[in-house]
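Since each chain comes alone in its own frame, lean on the hints to assemble the complex.
Read top to bottom, the protein sequences are chains D and W.
Take -8 as the starting number for the first sequence in the working numbering and just add one per residue.
Take 218 as the starting number for the second sequence in the working numbering and just add one per residue.
What the hints contain is simulated information worked out from the structure, not anything from laboratory work.
A virtual CB, placed ideally from N, CA and C, is assigned to each residue, including glycine.
Don't take each hint at face value.
Claimed, not checked - Once the Cα atoms are required to be at most 20 Å apart in a straight line, the calculated DMTMM-like pairs of lysine to aspartate or glutamate come out as:
| hint | chain 1 | residue 1 | chain 2 | residue 2 |
| --- | --- | --- | --- | --- |
| 1 | D | K58 | D | D16 |
| 2 | W | K375 | D | E(-2) |
| 3 | W | K558 | W | E506 |
| 4 | W | K558 | W | E546 |
| 5 | D | K52 | D | E62 |
| 6 | W | K493 | D | D79 |
| 7 | D | K52 | D | E(-2) |
| 8 | D | K223 | D | D188 |
| 9 | D | K104 | W | E376 |
| 10 | W | K375 | W | D385 |
| 11 | W | K375 | D | D188 |
| 12 | W | K375 | D | E108 |
| 13 | W | K375 | D | D77 |
| 14 | W | K226 | W | D355 |
| 15 | W | K375 | D | D147 |
| 16 | W | K375 | D | D111 |
Said to hold, decoys possible - Taking beta-carbon pairs under 10 Å as the criterion, some of the chain D residues facing chain W (in silico):
| hint | residue |
| --- | --- |
| 17 | K(-6) |
| 18 | F80 |
| 19 | T83 |
Listed below are the residues making up each chain.
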Amino acid sequence: MEKIAFEVHDMTVAYQRRPVLWDIDLSIPEGKLVGIVGPNGAGKTTLIKAALGLVTLASGKVEIYGKSYEEQRHLIGYVPQRESVDWDFPVTVRDVVLMGTYGRLGWFRRPGKAEREIADRCLQQVGMAGYAKRQIRQLSGGQQQRVFLARALAEDAQLYFLDEPFAGVDAATEAAIVELLHALRSSGKTVLVVHHDLQTVSDYFDYVILLNMRLVACGPVETTFTTENLQKTYGGRLTILDEAAEAIRRQKPLP
Amino acid sequence: MISLSLSDKVMIGTALLGGMAGVVGSFAVLRGRALVGDMLAHAALPGVCLAFLITGQRNLLNLSAGALVTGLLAIGAVTVITRWTRTKEDAAIGIVLSTFFGAGVVLLSIVQKPTTSGNKAGLNSYLFGEPGGMLNSDLVVLAVVAVVVLAAVILFFKEFELTCFDTDFARSQGWPTLWLDLAMLAMLATVTIVGLPIVGVILMAAMIIMPAATARFWTNRLPVLLLVSGLVGAAAGLIGTQVGRGYPAGAAIVLTAASLFLVSLLFAPQRGIVSKLLSEYRLRRRVAEEHLLRALFELGEAELPAVPAINLSTLRDYRHWWSLERLLERARDEQLIEWDKNQVQLTPLGLRRAAQITKAHRLWELYLVRHADIAPDHVDRDADDVEHLLPESLVAKLEQELAAEGRLPTVLAEMPISPHEIHSEQGGTTL
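So here's chain W without its partners, still in its complex pose (with noise of 0.2 Å):
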């Protein structure tokens, strides 16, 4: 602290308050709270100068403490309007948010009027942020709110989690949520505050939202969750200064966090848009590939164990085809089939293969038709086998009842896995 310069400063407290934005607005968003950071950062606005016209100075202990109460009235006005009115909590918090702002805005001219007295120097930096005006005394208010801030998630870890989760279970436990949620507002009041002059009172609920709302694409657990939002706030908040110098260091920031957003949008694994659509073509792909088995092999059906060459007329004739030739190249390059112009053969990898298909697709129909509606819950989406989707016992019932029909592929249970096996007791006739 002793001699740390303008940029140092800037960078420790913009990646303090990004992480501390950023596991807060986490708790925030998961209760469906996100809007009202946005609130608090707006209706901090004429709290603010209403200190600096009373106490006449700028320091961040008088002006947050300024911001907070008129924070809180704003939270209170909300609570209000939706308790006795019709008013829904969206268009409350709307109206609330634009009342608070314009009273900052025309108490902010009155400031600025020559007539009044005071350093007003930095007080602008409320509207759009400006970390260069940082104090070593700002610094140190920083690094205390994210101690306390860190420290309370830690300790209330369980408490807060339970709490956005389920809020009846656990009152019916008897945690005090009404507390642990004023708790978890408290924190989101304090971040936001103390980020005002960072950041800018417009654009702060970014810094609330954002973070968390990168995060949710990489994982699924909550403590994940919130380290990695954390470090996304962090790296906006280090990144955007840097790299923004010379523009407002609030937008900077922002759109970093916002470039984060995207990139995580369009890459994240599972749930990034371009894993989805990869996912997709791979899926489409297969489902096509097992199209061409399965019609092969029901083409071919009736002369088992014998493997005949189909005719490409009889197959295109078979089903409708999308770009057949292109699937067919790519099972003659996995060596699923013999591809000879005009006569298409299985492999005895591609029999086997084929065969399991076909058996698949007659046990989920079978299911479909006649058990699905006992047990759809009992469906494990996740499992890419039929064997595996339904349970066991389900999957050993359905198998009898393809076998009495004598629709179960038995070329199964008469191939042997390994080719090994094949050349010993078959001798060396390929099936």
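One chain only, chain D, in its complex shape (with noise of 0.2 Å):
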């Protein structure tokens, strides 16, 4: 019997009173690449800023591989959103990508030189070996982008949160981080991803959480990523319902 790495249960997320996700019910086996899909104010991040600890939860609970949040952060790796943070901070990139050890580290003690190590060979697997003393104010939106998944990586998580890594990024950039998310799945971590492109769903993710305040459909995409499914998720909205049906329509001749 499969893992399962990361269950929710009963879970309402409220801002100031405000729902923003209602009574989600969830689970998601290990070694999965999940994507989370849903319109703007949907409530993505907020399941994932909740699977966090991030915001509080109005009730229910989160689970990681059978238990809760505080004591599983070690299993955890995060990529906030790329805007979240200040690009002129007076930093370079290995020592960002070092960011991704201080959980290990815990208190007082200093990234050494086993962790630079570690750093350095993060950014080697994000293709930005060249650029670990660069200051970050320097770096494009998809190396920027690079970084950030190199700093998850240096946390050494089994499950990584990935708040929409494909934003403003180039196809280069977007193919080599599909890449990296294939590597992980190979070596069992279980990731997922905030993703906004309809079309690209099916052939990036084997497993997809369809949300719109509420939880829509959860399971593997085959049978969860449906036009009647996509309906549900973004209502009426036809533009968003034509690109569906062409997503739907790719996915008809694979097997």
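What follows is the structure, given as structure tokens:
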């Protein structure tokens, strides 16, 4: 029987009494690449933040490998949205990646030679080996995204949460990130990714969470990513439905 | 401590204050809290007056306790206003700052009425700062605070850095970011409050902001930034009290800090204005020279490997030039061309440079036309040469494409690098 990496029970999240997520119930088996899909304001980012304990739950609970987030923190890697930080901050690329090791280091201990080696290895994995000493201000959007990915890799986690890693990156970086995601899956990691492009969902992911304030559906892409479910997720928005229909058509020829 | 003259005390005290304000201020500025220091300073005034009215004594600890209480009240007020109303944080800070300061000025006038008892000497210093009234005990307080702040920054460097840069990520790793934030705020409040009698309520914010802003010009690394910021603050304190004797000390210190900021703004490498203008000028000169060489190369390209002399008028018509004569003079000085009245000819060195430039230009053009949409993020914009600007595999591909069109400047391949080989292989002919 396959292990459950991530599980949410009856979770409701509210910002100042306005509910953002209602009664979410879902479970994700280990080793899956999971797309989190839904319209703007559907609570995709909130789902991730709730999983990481960054927002307070109004009710329900989140379990990571069967235990609470506090106990399993060391199993988690996080890639926040790129815009969430000040890219003029006086640190180098390697400094940022080193931050991934801080959780393991604990209080007062400074990153040393071993940590620097980890950081450089992670930078290599995302194709940024030559950039270790660069000031982060000099990076392009896709490079910033890859630095954030390297930092999450340095956390050496089992379960990764990525918030819109494909936002504003070029085709080559997108391909590199997808390759990296597949490599993570083959080494048994579970990865949840907030994703916007319906066209690529069935190419990139093997599991999908359809979200619009409540959970519309959660399961393998083949059975869950259907026109019917997308209609429920996006309501009557025509343009998006067209896109969805296109996405389904693309999916059809595949076995 | 036993027998320090007053001027020594003032020197040590202001330097200590400037140093720690620089270090603590760096974190505040990076966290986007520069104005919180300003508010704390202004909001401290009513607390200072109240503490004096209650205790009737002017000693740093008493008054600082009062300052801390009203300072915290002010922070609370801003939090409440931004949380429960639609007022933005900067507006809320403005409201709270001026309200508390107004109350402070009223209380100060009550303190100064002849009917109020107690030794009021020095209370006025809280407005504009007066290190001359520094007691031995004040110096001890400053030293203790400096040691504690420095120790905290060294101990918690990694934690503060992470919290300032990416709070959510820090929390996801389990760091108590609320407490770390509060610790930084507490350091800011403490330094602000012990600095009040020296620099004054109104100018204390400058001590928090200016050293950090100055240091940012000189470095891209946080540890260095903290060090430089501390040194700038200490220097401002030292120089300000020395040079500004006879003037209000707070103003003298702040003006010194402002001068250091101005010098950095102008002369810092990379980020300074002068260096930016210089590099812009150099870039323009280089681009002009490259245009010249490329124009000469392209005008004679059909006749390669012979290098024809180009008529000056042909060259002038080839593209729009901006002071062509000066450009030609400079190129001649660099031995890239030979220029004889109306004829211009590339030298062997000039030809090689021109071929390189033309090749790079064409590669870059081709890249922009055909491949830019695929991989703009793979462009290394800091590199000078197109060969280093783009990934190697892409350059190889572009070269193939150029060669297929017959536009790859082939003279490079035919031209040996070393002049010695030119003689042996090509019989001494200049190409």
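Hints, verified against the model:
{"no.": "1", "hint": "D/K58 x D/D16", "in the structure": "holds (16 Å)"}
{"no.": "2", "hint": "W/K375 x D/E(-2)", "in the structure": "violated (32 Å)"}
{"no.": "3", "hint": "W/K558 x W/E506", "in the structure": "holds (19 Å)"}
{"no.": "4", "hint": "W/K558 x W/E546", "in the structure": "holds (11 Å)"}
{"no.": "5", "hint": "D/K52 x D/E62", "in the structure": "holds (13 Å)"}
{"no.": "6", "hint": "W/K493 x D/D79", "in the structure": "holds (18 Å)"}
{"no.": "7", "hint": "D/K52 x D/E(-2)", "in the structure": "holds (9 Å)"}
{"no.": "8", "hint": "D/K223 x D/D188", "in the structure": "holds (17 Å)"}
{"no.": "9", "hint": "D/K104 x W/E376", "in the structure": "holds (19 Å)"}
{"no.": "10", "hint": "W/K375 x W/D385", "in the structure": "holds (15 Å)"}
{"no.": "11", "hint": "W/K375 x D/D188", "in the structure": "violated (37 Å)"}
{"no.": "12", "hint": "W/K375 x D/E108", "in the structure": "holds (18 Å)"}
{"no.": "13", "hint": "W/K375 x D/D77", "in the structure": "holds (17 Å)"}
{"no.": "14", "hint": "W/K226 x W/D355", "in the structure": "holds (10 Å)"}
{"no.": "15", "hint": "W/K375 x D/D147", "in the structure": "holds (19 Å)"}
{"no.": "16", "hint": "W/K375 x D/D111", "in the structure": "holds (19 Å)"}
{"no.": "17", "hint": "K(-6)", "in the structure": "violated (22 Å)"}
{"no.": "18", "hint": "F80", "in the structure": "holds (5 Å)"}
{"no.": "19", "hint": "T83", "in the structure": "holds (7 Å)"}
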